[in-house]
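Here the protein sequences line up with chains A and B, keeping their order.
Note that the first sequence covers residues 8 to 117 in our numbering.
Note that the second sequence covers residues 3 to 114 in our numbering.
What the hints contain is simulated information worked out from the structure, not anything from laboratory work.
A quick note: this is a predicted structure, and the numbers were derived from the prediction, not measured.
Errors might be hidden in some of the hints.
What the hints assert, rightly or not - Covered by chain A, per the in silico footprint, the following chain B stretches (three or more residues, Cβ under 8 Å):
{"id": "1", "segment": "19-33"}
{"id": "2", "segment": "50-61"}
{"id": "3", "segment": "105-114"}
Where is the CB? At the ideal position from N, CA and C, for every residue including glycine.
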Amino acid sequence: DAKTTQPPSMDCAEGRAANLPCNHSTISGNEYVYWYRQIHSQGPQYIIHGLKNNETNEMASLIITEDRKSSTLILPHATLRDTAVYYCIVQETSGSRLTFGEGTQLTVNP
Amino acid sequence: SQTIHQWPATLVQPVGSPLSLECTVEGTSNPNLYWYRQAAGRGLQLLFYSVGIGQISSEVPQNLSASRPQDRQFILSSKKLLLSDSGFYLCAWRTTYNSPLHFGNGTRLTVT
């Protein structure tokens with residue numbers, strides 16, 4: 008599995024965009040970038056994933072650099088309920104072993 | 003639709019007692035199944051995963067074991083709990099091709 012690196016914590020003002028970075032410099036061609044978030048005392052929740060194109064859904068946008076060595080999760084208008092730990096992982100299409108890092112604690116401030 | 007059930011939600015067990023946590027998935031067949039553990043304030047540690055009935059891959063060679071007696075049932079066990087086994091245990095599943103993980107609500111285990 009490719010290893011990912013994320014900052015341990017970030018702060019964001021309510022209503023502003025939250026941009027969460029992730030480095031995955033050893034990603035291989037068949038590995039997708041997945042983002043999850045975990046609100047305190049709950050199971051992680053899937054947010055979005057992508058291979059090489061930028062992706063957008065109702066929760067967030069995912070920007071992947073052209074060389075695929077890094078990505079950014081964007082929450083366009085952060086709310087207090089977006090306070091959570093955000094995990095970036097790389098996942099093979101058919102791979103089974105899925106490991107998580109420590110993630111980024113995002114705190115949205117009023 | 004697919005759902006995942008994990009129980010119990012909380013558990014307090016004395017040191018040296020046995021453990022059995024159960025996870026079942028509905029609405030899909032032949033899922034990949036996973037057990038993770040999370041210590042307080044830490045990330046997710048992969049314990050076991052399974053790609054089919056009777057097939058278990060272990061990441062953590064400690065006093066925990068896992069079994070998959072049926073296609074959509076995944077059980078985490080211990081014969082004798084240690085204090086260090088305390089934590090938040092999460093079961094998850096995914097299909098075999100380019101799909102996200104879906105997590106259960108977790109079991110918070112406190113070993114006293």
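Comparing the hints with the structure gives:
For a cut-off of 8 Å, the count of residues in the segment 19-33 of chain B with a CB near a CB of chain A stands at 0, and the three-residue condition is violated. Residues of the segment 50-61 of chain B lying with their CB closer than 8 Å to a CB of chain A number 4, which satisfies the three-residue condition for coverage. Remark: the segment 105-114 of chain B is confirmed as covered by chain A, as 5 of its residues place a Cβ nearer than 8 Å to a Cβ of that chain, reaching the required three.
The structure shown violates just one earlier hint, number 1.
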